[in-house]
Amino acid sequence: MAAFEYRQAEEIREAFARHAVRYLFIGKSGAILLGFPDTTQDADIFVEKDVRNGRALVAALRELRFDLSPEQAAEVERGKDFVQLKNGPFDLDLVFAPDGIERFEDAWARRVDVEGFPVCHIDDIIASKAASNRQKDRESLPRLRSFRQFWLERRR
Amino acid sequence: MAPALTEDVPIPREWREEFEAAARRPLAERFRYAFIRTYKPILDDAPFRAFDTMKDYRRWCEENLPDWLGYGRI
Chain A
18 MAAFEYRQAE
28 EIREAFARHA
38 VRYLFIGKSG
48 AILLGFPDTT
58 QDADIFVEKD
68 VRNGRALVAA
78 LRELRFDLSP
88 EQAAEVERGK
98 DFVQLKNGPF
108 DLDLVFAPDG
118 IERFEDAWAR
128 RVDVEGFPVC
138 HIDDIIASKA
148 ASNRQKDRES
158 LPRLRSFRQF
168 WLERRR
Chain B
68 MAPALTEDVP
78 IPREWREEFE
88 AAARRPLAER
98 FRYAFIRTYK
108 PILDDAPFRA
118 FDTMKDYRRW
128 CEENLPDWLG
138 YGRI
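Order-wise, the sequence lines are chains A and B.
So the first sequence is residues 18 to 173, counted in our numbering.
So the second sequence is residues 68 to 141, counted in our numbering.
Same shape as in the complex, but just chain A (with noise of 0.2 Å):
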């Protein structure tokens, strides 16, 4: 498997506006679509659960070329927590109910265009790493508080 790509992730952005599925990059991936310097593997989407996002999402999988079963698909749409495709042309993190933030709503509202990307403010990439407590989070903190600093000078 290769390194994910722009035009994977435009691919991303053309599919889902397709079929209108509501998501969010977040993660360290939606960290760098803010201008974040770092490196990351995959990519991690925030994605809104009920029914009808939920189909939009595997119909907007498939035709990113996503190998899903039925039983996959339905595991997709029902909205689990946290699943994670490596059945397609790049590697793919679905999260649901990502730590540290308590409604898709209230990121929503935050959220932030990046060039037709849809991204988490970066007060909630932070509280999600921050809340998930896990190692490689803990290690990326303090230079992520500081580019958050440096992301809202250049907005003001």
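Because the hints were derived from the structure by calculation, they are not lab data.
Keep in mind that this is a model prediction, so the values were computed, not measured.
A virtual CB, placed ideally from N, CA and C, is assigned to each residue, including glycine.
Just to be clear, a hint being listed does not mean it is correct.
Calculated pairs, EDC-like style, for lysine to aspartate or glutamate (alpha carbon to alpha carbon, straight line, at most 20 Å) [unchecked claim]:
#, chain 1, residue 1, chain 2, residue 2
1, A, K66, B, D119
2, A, K153, B, D75
3, A, K153, A, D140
4, A, K103, A, E80
5, A, K153, B, E129
6, A, K153, A, D116
7, A, K103, B, D119
8, B, K122, A, E65
9, B, K107, A, D110
10, A, K103, B, D112
11, A, K153, B, E87
12, B, K107, A, E156
13, A, K153, A, D55
14, B, K107, A, E22
15, B, K122, A, D116
16, B, K122, A, E80
17, A, K153, B, D111
18, B, K122, A, D110
Footprint (simulated), chain A over chain B, 3 or more residues, beta carbon under 8 Å [said to hold, decoys possible]:
#, region
19, 75 to 82
20, 93 to 102
21, 117 to 125
22, 135 to 141
Following the hints, position chain B against chain A.
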């Protein structure tokens, strides 16, 4: 609502330079630098995994992944 992050934090000079350099790059170029593929044992060995709750996912990571991957909770 995510907790408000209101306090100012210092930006080390080296990081500020990196942030400014990244801000000058087009998004597609930032992607090229940012997304790097390396094999992660066990995590990368299944084409599909789904967890009912984040708690289940975190527990699975702690019980199955090597510590050095950094997925364990502190």
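Each hint tested on the structure:
1. A hinted pair counts as satisfied when its Cα atoms are at most 20 Å apart, and A/K66 with B/D119 qualifies at roughly 13 Å.
2. Under the criterion of a C-alpha separation no larger than 20 Å, the hint pairing A/K153 with B/D75 is inconsistent with the structure, at around 23 Å.
3. Taking the CA atoms of A/K153 and A/D140, the gap is about 18 Å. The hint holds against a cut of 20 Å.
4. Taking the CA atoms of A/K103 and A/E80, the gap is near 15 Å; set against the 20 Å cutoff, the hint holds.
5. For the suggested pair A/K153 and B/E129, the alpha carbons sit about 13 Å apart, so the restraint of at most 20 Å is met.
6. Restraint check for A/K153 and A/D116: satisfied, since their Cα atoms lie roughly 15 Å apart, inside the 20 Å limit.
7. Restraint check: the Cα-Cα separation between A/K103 and B/D119 comes to about 18 Å, which is no more than 20 Å; the hinted pair holds.
8. Restraint check: the Cα-Cα separation between B/K122 and A/E65 comes to about 19 Å, which is no more than 20 Å; the hinted pair holds.
9. Note on B/K107 and A/D110: the hinted pairing holds, with a Cα-Cα distance of about 14 Å set against a maximum of 20 Å.
10. Straight-line distance between C-alpha atoms of A/K103 and B/D112 comes to about 9 Å, which keeps the hinted pair within the 20 Å bound.
11. At roughly 24 Å between alpha-carbon atoms, A/K153 and B/E87 are farther apart than 20 Å, so this suggested pair is violated.
12. For the given pair, B/K107 sits about 18 Å from A/E156 by alpha-carbon distance, which is consistent with the 20 Å threshold.
13. Distance restraint check for A/K153 and A/D55: the Cα-Cα separation of roughly 13 Å lies within the 20 Å cut-off, and the hinted pair is therefore satisfied.
14. About 19 Å separates the Cα atoms of B/K107 and A/E22, which keeps this hinted pair within 20 Å; it holds.
15. Proximity of B/K122 to A/D116 is assessed by CA-CA distance (about 9 Å); at most 20 Å being required, the pair is judged to hold.
16. With a C-alpha separation of about 30 Å, the suggested pairing of B/K122 with A/E80 is violated against the 20 Å cut-off.
17. A threshold of 20 Å between alpha carbons decides the hint, and for A/K153 with B/D111 the separation of about 17 Å falls inside it, so the pair holds.
18. Taking the CA atoms of B/K122 and A/D110, the gap is about 16 Å. The hint holds against a cut of 20 Å.
19. Closer than 8 Å: that is the beta-carbon criterion, and the region 75 to 82 of chain B has 6 residues meeting it against chain A, so the requirement of 3 holds.
20. For a cut-off of 8 Å, the count of residues in the region 93 to 102 of chain B with a CB near a CB of chain A stands at 8, and the three-residue condition holds.
21. Check on the region 117 to 125 of chain B: 8 of its residues sit with their Cβ under 8 Å from a Cβ of chain A, so the three-residue criterion for coverage holds.
22. Counting residues of the region 135 to 141 of chain B whose C-beta lies closer than 8 Å to any C-beta of chain A gives 6; at least three are required, and the coverage claim holds.
Checked against the numbered hints above, the structure violates hints 2, 11, 16; every other hint is satisfied.
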